[in-house]
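Number of protein chains: 2
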Amino acid sequence: MYYPSREQILASAGRIAFGIHRTPVLHSAYLDKAFDTSFYFKCENFQKAGAFKSRGAINAVFSLEEQQVSKGVATHSSGNHAQALARAAALRQVPAYIVMPENAPRVKIKAVKGYGGRITFCPPTLEARENTLKQIILKTGAVEIHPYDDLKVIEGQATAAMELLETEPDLDIILCPVGGGGLLSGTALSARYFSGKAKVIACEPAGADDAYRSFKSGRFVPSVHPNTIADGLLTSLGRLTFPIVREFVDDIVTVEEKNIVKAMQLIFERMKIVVEPSSAVPLAAVLEKKVDVAGKKTGIILSGGNVDLDHLPWQ
Amino acid sequence: MYYPSREQILASAGRIAFGIHRTPVLHSAYLDKAFDTSFYFKCENFQKAGAFKSRGAINAVFSLEEQQVSKGVATHSSGNHAQALARAAALRQVPAYIVMPENAPRVKIKAVKGYGGRITFCPPTLEARENTLKQIILKTGAVEIHPYDDLKVIEGQATAAMELLETEPDLDIILCPVGGGGLLSGTALSARYFSGKAKVIACEPAGADDAYRSFKSGRFVPSVHPNTIADGLLTSLGRLTFPIVREFVDDIVTVEEKNIVKAMQLIFERMKIVVEPSSAVPLAAVLEKKVDVAGKKTGIILSGGNVDLDHLPWQ
Numbered sequence: 110m111y112y113p114s115r116e117q118i119l120a121s122a123g124r125i126a127f128g129i130h131r132t133p134v135l136h137s138a139y140l141d142k143a144f145d146t147s148f149y150f151k152c153e154n155f156q157k158a159g160a161f162k163s164r165g166a167i168n169a170v171f172s173l174e175e176q177q178v179s180k181g182v183a184t185h186s187s188g189n190h191a192q193a194l195a196r197a198a199a200l201r202q203v204p205a206y207i208v209m210p211e212n213a214p215r216v217k218i219k220a221v222k223g224y225g226g227r228i229t230f231c232p233p234t235l236e237a238r239e240n241t242l243k244q245i246i247l248k249t250g251a252v253e254i255h256p257y258d259d260l261k262v263i264e265g266q267a268t269a270a271m272e273l274l275e276t277e278p279d280l281d282i283i284l285c286p287v288g289g290g291g292l293l294s295g296t297a298l299s300a301r302y303f304s305g306k307a308k309v310i311a312c313e314p315a316g317a318d319d320a321y322r323s324f325k326s327g328r329f330v331p332s333v334h335p336n337t338i339a340d341g342l343l344t345s346l347g348r349l350t351f352p353i354v355r356e357f358v359d360d361i362v363t364v365e366e367k368n369i370v371k372a373m374q375l376i377f378e379r380m381k382i383v384v385e386p387s388s389a390v391p392l393a394a395v396l397e398k399k400v401d402v403a404g405k406k407t408g409i410i411l412s413g414g415n416v417d418l419d420h421l422p423w424q
Numbered sequence: 110m111y112y113p114s115r116e117q118i119l120a121s122a123g124r125i126a127f128g129i130h131r132t133p134v135l136h137s138a139y140l141d142k143a144f145d146t147s148f149y150f151k152c153e154n155f156q157k158a159g160a161f162k163s164r165g166a167i168n169a170v171f172s173l174e175e176q177q178v179s180k181g182v183a184t185h186s187s188g189n190h191a192q193a194l195a196r197a198a199a200l201r202q203v204p205a206y207i208v209m210p211e212n213a214p215r216v217k218i219k220a221v222k223g224y225g226g227r228i229t230f231c232p233p234t235l236e237a238r239e240n241t242l243k244q245i246i247l248k249t250g251a252v253e254i255h256p257y258d259d260l261k262v263i264e265g266q267a268t269a270a271m272e273l274l275e276t277e278p279d280l281d282i283i284l285c286p287v288g289g290g291g292l293l294s295g296t297a298l299s300a301r302y303f304s305g306k307a308k309v310i311a312c313e314p315a316g317a318d319d320a321y322r323s324f325k326s327g328r329f330v331p332s333v334h335p336n337t338i339a340d341g342l343l344t345s346l347g348r349l350t351f352p353i354v355r356e357f358v359d360d361i362v363t364v365e366e367k368n369i370v371k372a373m374q375l376i377f378e379r380m381k382i383v384v385e386p387s388s389a390v391p392l393a394a395v396l397e398k399k400v401d402v403a404g405k406k407t408g409i410i411l412s413g414g415n416v417d418l419d420h421l422p423w424q
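Residue numbers (the numbering used here), protein chains in the order written: chain L, 110 to 424; chain Z, 110 to 424.
Hints listed in this document are in silico derivations from the structure and should not be mistaken for laboratory results.
Any given hint might turn out to be false.
Note that identical chains are pooled: a pair holds if it fits in a single copy or bridges any two copies.
[Unchecked claim] Below, a list of computed lysine to any residue pairs in the SDA-like style, where the Cα atoms sit at most 25 Å apart:
| # | residue 1 | residue 2 |
| --- | --- | --- |
| 1 | LYS367 | GLN424 |
| 2 | LYS248 | PHE329 |
| 3 | LYS308 | SER114 |
| 4 | LYS222 | GLY181 |
| 5 | LYS222 | LEU396 |
| 6 | LYS308 | TYR149 |
| 7 | LYS217 | TYR139 |
| 8 | LYS405 | LEU375 |
| 9 | LYS371 | THR229 |
| 10 | LYS219 | ARG379 |
| 11 | LYS371 | GLU116 |
| 12 | LYS142 | ARG215 |
| 13 | LYS217 | PRO422 |
| 14 | LYS306 | GLY225 |
| 15 | LYS367 | LEU421 |
| 16 | LYS222 | GLU378 |
| 17 | LYS180 | GLY316 |
Everything numeric in this text was worked out from a predicted model, so none of it was measured.
Let the hints inform the model, and build the full structure from the sequences given.
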C-alpha cells in the first residue's frame with residue numbers, strides 16, 4: 110500500500126499555500142444545542158473554485174517537474190475537479206485539457222472556461238470520456254491528473270483536515286463525505302498524523318454506497334448505477350484510495366436522500382452559508398443518528414459550495 | 110439634534126459583547142476583480158438571530174434599569190427586529206411582547222416563538238399594529254423598544270461599522286442599506302468617530318426611496334406606498350434618524366429591483382453565503398455604477414441573512 114507520509118502532507122501544505130484559502134472553521138449555536146455536541150465546520154465551500162478540490166489539483170500540478178508539465182495537464186470531469194484543475198494549470202501557466210460530457214451543466218462549462226480550461230465534449234458515458242481523454246493525451250503530451258486516485262491529490266486534500274486539527278486539536282470525531290475517497294483518504298491520514306484521538310467516520314449516500322460495501326466486505330465493490338443528489342459522491346473508490354480507507358478510516362455510515370436535503374437546508378438556514386449536497390452528507394448522518402456525537406467535539410468537512418441555486422432540492 | 114457620542118458607542122460595544130457575534134469581514138477575489146476595487150463585507154448575516162438588529166435590541170434592553178425592564182419590552186414588527194428583541198428579552202429574562210400582522214410569514218412567527226416571544230396578532234395595517242401595541246403596553250407595563258427611532262438602538266447598530274473599521278481602519282467608503290435609518294445613522298456616526306476619511310453612502314431601493322427624497326430635499330418625506338423585494342427597507346426614516354442621516358451621511362443613491370436580485374445572486378454564487386435582499390442593495394448600487402469604487406477600499410455592510418429559501422427571487 111502506498112500512502113502519503115506526515116512529512117509529505119506538511120510539504121504539500123507549504124506547496125499549495127500561495128494558491129488556496131485557509132478556510133474558516135464555523136460554529137452554530139443552534140446546531141450544537143439541537144444535537145448536544147460542539148460542531149466545528151471546516152468551510153471548504155469558501156475554498157478557491159468553490160471546493161476542497163483546489164488543494165489536490167494545485168498540489169498535483171505544482172509537484173510536476175517543469176519538463177513534465179510544460180505540455181499541460183488533462184482530466185475528464187464534469188464536476189469540481191475540472192474547475193480546480195483548470196485554475197491550477199492557469200496558475201502554473203500551462204494548458205488544462207478538460208473532457209466533459211455533452212450534457213454537463215452550462216454553469217460548470219462556464220466556470221471551467223472562466224479559468225481558461227480547454228474543453229473537449231464527448232458522449233456522456235465513462236467509456237467515451239476515457240477514450241476521448243486518451244486521444245487528447247496522445248495528441249498533446251499533457252499529463253493526466255486523476256480526480257482522486259493520485260497520491261499528490263490525496264496529499265493536497267489531506268491539508269483540509271490538517272488545518273482543521275491545527276485550529277481544533279482536541280476533536281473527538283471528524284465526519285467526512287466519501288465519493289472517490291480522495292478527501293476521505295487525506296482526512297484519515299491527517300487524523301492519524303495530527304491528532305491523538307480523532308476518529309474518522311465517512312458518510313456516504315445510500316444510493317451510492319460502494320465505499321460502505323467495500324469497507325464492510327473488505328473487497329472492492331464498485332458502484333454500478335449510483336444515484337444520489339450528492340453529485341460529487343457518485344464515483345467509486347479507487348485502487349489507491351480503497352486501501353487507505355480500509356486501513357485508516359474508523360467507520361463508514363450511509364444516509365438517505367431526504368436527510369441529505371434536510372441537512373443541506375439546515376446549513377443554509379441556520380449557518381447562512383451556501384453548500385452543495387455532498388457537503389450536507391455528514392450532517393445527514395447526525396440527523397439519522399448513525400453517528401453518536403453527544404457530548405463530543407465533532408469536526409465536519411463541508412466539501413464545497415458549487416450548487417445550482419436555481420433549483421435547490423427542497424423547493 | 111440628539112445623537113450618540115463616541116463614548117456612548119464604545120460603551121454599547123462593551124454592553125452587548127456577551128450576546129452578539131463579532132462577525133467576520135469577508136472578501137471576494139472575483140468581485141474585487143469585476144469592479145476594480147477591494148471589498149470588505151461585514152457579515153451581519155452571521156449575526157445572532159440572523160441580522161444586525163441583535164446589536165441594537167440588546168443594547169436597548171440592557172440599558173434599561175431593572176425596575177424599568179422588569180415588566181418586559183414590546184414592539185410591533187414582522188421582521189428581524191421582532192426576533193432580535195425576543196432574543197434580547199430572553200437574555201435579560203423578561204417577557205417580550207411582539208405585535209405581528211396576521212399575514213406575517215410563518216417562518217418569522219416560528220422564529221419569534223423560538224426565542225420565547227409572546228406574539229399578539231392584529232390586522233395588517235400600521236394603525237392596527239400601533240393600537241394593538243398601545244393596548245399591550247397599557248395592560249402589561251412593558252417598555253416599547255422602537256426598531257430604529259431609539260438612541261440606544263442606534264448606538265447598538267453603530268457597533269457593526271465600528272468593528273468593521275477596527276478590522277479595516279483604512280476604508281475609503283462604507284456602503285450601507287437604508288430603511289428606517291437605524292443602521293445607517295449608527296454607521297455614519299462610527300465612520301465619523303472611528304475613521305479619518307471613510308465616506309458613508311446610503312443605498313436605497315428606488316421603490317422605497319423616502320430617505321433619498323428626504324435627504325435631497327432637506328425635509329422629511331415619508332414613503333406612501335413603498336414596494337420593494339428588500340423587505341427590511343420598507344420603513345421610512347424617523348424623527349431621530351433623519352437629522353443624523355442629514356448631518357453625517359455623505360450621499361444617498363437608489364437602485365432598481367432587478368439589480369438587487371442580481372447582486373443577491375452574485376453574493377450567493379460567488380461568496381457562498383446566504384443574505385437577504387436588503388443586504389444586496391449596496392452591491393446593487395455598485396452594479397448600477399451609482400457609486401465610484403474603482404481603486405478604493407470599499408466596506409459593505411451585509412445587514413442580514415433571514416430570507417425565504419423556498420422562494421429565492423431569481424427563480
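A quick look at each hint next to the structure:
For the identical chains of this complex, LYS367 and GLN424 are neighbours both inside a copy (12 Å) and across copies (22 Å), given an alpha-carbon limit of 25 Å. In this assembly of identical chains, the alpha carbons of LYS248 and PHE329 never lie at most 25 Å apart, being 33 Å within a copy and 71 Å across copies at closest. Taking CA atoms no more than 25 Å apart as the test, LYS308 paired with SER114 passes inside one copy only; the shortest distance there is 19 Å, against 52 Å between copies. In this assembly of identical chains, LYS222 and GLY181 lie within 25 Å of each other by CA distance solely inside one copy; the values are 16 Å within and 58 Å between copies.
For the identical chains of this complex, LYS222 and LEU396 are inter-copy neighbours only, at 23 Å across copies versus 38 Å inside a copy, given an alpha-carbon limit of 25 Å. Proximity of LYS308 and TYR149 under a CA criterion of 25 Å is satisfied intra-copy only: 14 Å inside one chain copy versus 37 Å between copies. Only between protomers do LYS217 and TYR139 lie at most 25 Å apart by alpha-carbon distance; the minimum there is 16 Å, versus 33 Å within a single protomer. For the identical chains of this complex, LYS405 and LEU375 are intra-copy neighbours only, at 20 Å inside a copy versus 37 Å across copies, given an alpha-carbon limit of 25 Å.
For the homomeric pair LYS371 and THR229, neither the shortest alpha-carbon distance inside one copy (36 Å) nor that between copies (31 Å) is at most 25 Å. In this homomeric assembly, LYS219 and ARG379 come within 25 Å of each other (Cα to Cα) only across copies, at 14 Å, whereas the closest approach inside a single copy is 30 Å. For the homomeric pair LYS371 and GLU116, neither the shortest alpha-carbon distance inside one copy (39 Å) nor that between copies (46 Å) is at most 25 Å. With identical chains, the CA atoms of LYS142 and ARG215 are at most 25 Å apart between copies only, with a shortest distance of 23 Å across copies and 40 Å within one.
When the C-alpha separation of LYS217 and PRO422 is checked against a cutoff of 25 Å, the pair qualifies both within a copy, at 18 Å, and between copies, at 22 Å. With identical chains, the CA atoms of LYS306 and GLY225 are never at most 25 Å apart, being 43 Å at best within one copy and 39 Å at best between copies. Taking the closest pair of Cα atoms, LYS367 and LEU421 come within 25 Å of each other both inside a single copy (13 Å) and across two copies (21 Å). Taking identical chains as interchangeable, the C-alpha atoms of LYS222 and GLU378 lie at most 25 Å apart only when they sit on different chains, with a minimum of 17 Å there against 32 Å within one chain.
Taking identical chains as interchangeable, the C-alpha atoms of LYS180 and GLY316 are never at most 25 Å apart, the minima being 39 Å within one chain and 55 Å between chains.
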